[in-house]
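Position chain B relative to chain A; hints supplied.
Chains as they are written, first to last, in my numbering: chain A, 1 to 113; chain B, 1 to 112.
Heads up, a few of these hints could be off.
Now the stretches of chain A that chain B is said to cover, found in silico as 3 or more residues with beta-carbon under 8 Å [unchecked claim]: (1) 8-20; (2) 56-67; (3) 78-88; (4) 101-113.
None of these hints come from the bench; they were simulated from the model.
We put the CB at the ideal spot given by N, CA and C, even for glycine.
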Amino acid sequence: NAGVTQTPKFQVLKTGQSMTLQCAQDMNHNSMYWYRQDPGMGLRLIYYSASEGTTDKGEVPNGYNVSRLNKREFSLRLESAAPSQTSVYFCASSVSRLGTEAFFGQGTRLTVV
Amino acid sequence: GENVEQHPSTLSVQEGDSAVIKCTYSDSASNYFPWYKQELGKRPQLIIDIRSNVGEKKDQRIAVTLNKTAKHFSLHITETQPEDSAVYFCAASKVRDDKIIFGKGTRLHILP
Chain A
1 NAGVTQTPKF QVLKTGQSMT LQCAQDMNHN SMYWYRQDPG MGLRLIYYSA SEGTTDKGEV
61 PNGYNVSRLN KREFSLRLES AAPSQTSVYF CASSVSRLGT EAFFGQGTRL TVV
Chain B
1 GENVEQHPST LSVQEGDSAV IKCTYSDSAS NYFPWYKQEL GKRPQLIIDI RSNVGEKKDQ
61 RIAVTLNKTA KHFSLHITET QPEDSAVYFC AASKVRDDKI IFGKGTRLHI LP
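Excised from the complex, chain A in its bound form (with noise of 0.2 Å):
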């Protein structure tokens, strides 16, 4: 049982190149998550999904987009990266809207040079 995997672990990008990262859950959760997590400022909610079909907006979703592909995969998207983008990524997963446990993959490391 993997839990919440996501691709790839460390990721080096240009200013202006675009990117995926890439989250996939087999717990069939329904809710999935993207955060940053940047020194001092804790874990911030870019975009979040309730449900296949659905995405919504969280803390700091400017300069992302999201895809809900199917229930497993949620993806995340950088069309022009930024220094400002350089940061941890955790994907996270949850049973549905209940107030339940989030299990978060391993993160994604990612420099914006």
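Same frame as chain A, but now just chain B:
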């Protein structure tokens, strides 16, 4: 939207002493309050949670209290051990919209 404030940002306690981390939230409709522990280089993991219909919950050395009127909740760790050293995050969510908002974290150091 919901805003979660967490204090202190750093906390150092002697091994064996107690540690308390406090959080406040802004949205009175929030009704689920989890706490996560993140060890260095690892992913956050749930350690305890509480729902708005409960005032206190305990799990061995860890307890969480909730004051709905004041909109604050706290994590209490007793008899601290070296393995308690980590970053702790509080969070708040509303069951109806499923958005989980985190505080900025508390780095806990357990001193020998």
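Results for each hint:
| no. | hint | verdict |
| --- | --- | --- |
| 1 | 8-20 | violated (count 0) |
| 2 | 56-67 | holds (count 3) |
| 3 | 78-88 | violated (count 0) |
| 4 | 101-113 | holds (count 6) |
In summary, the numbered hints that this structure violates are 1, 3.
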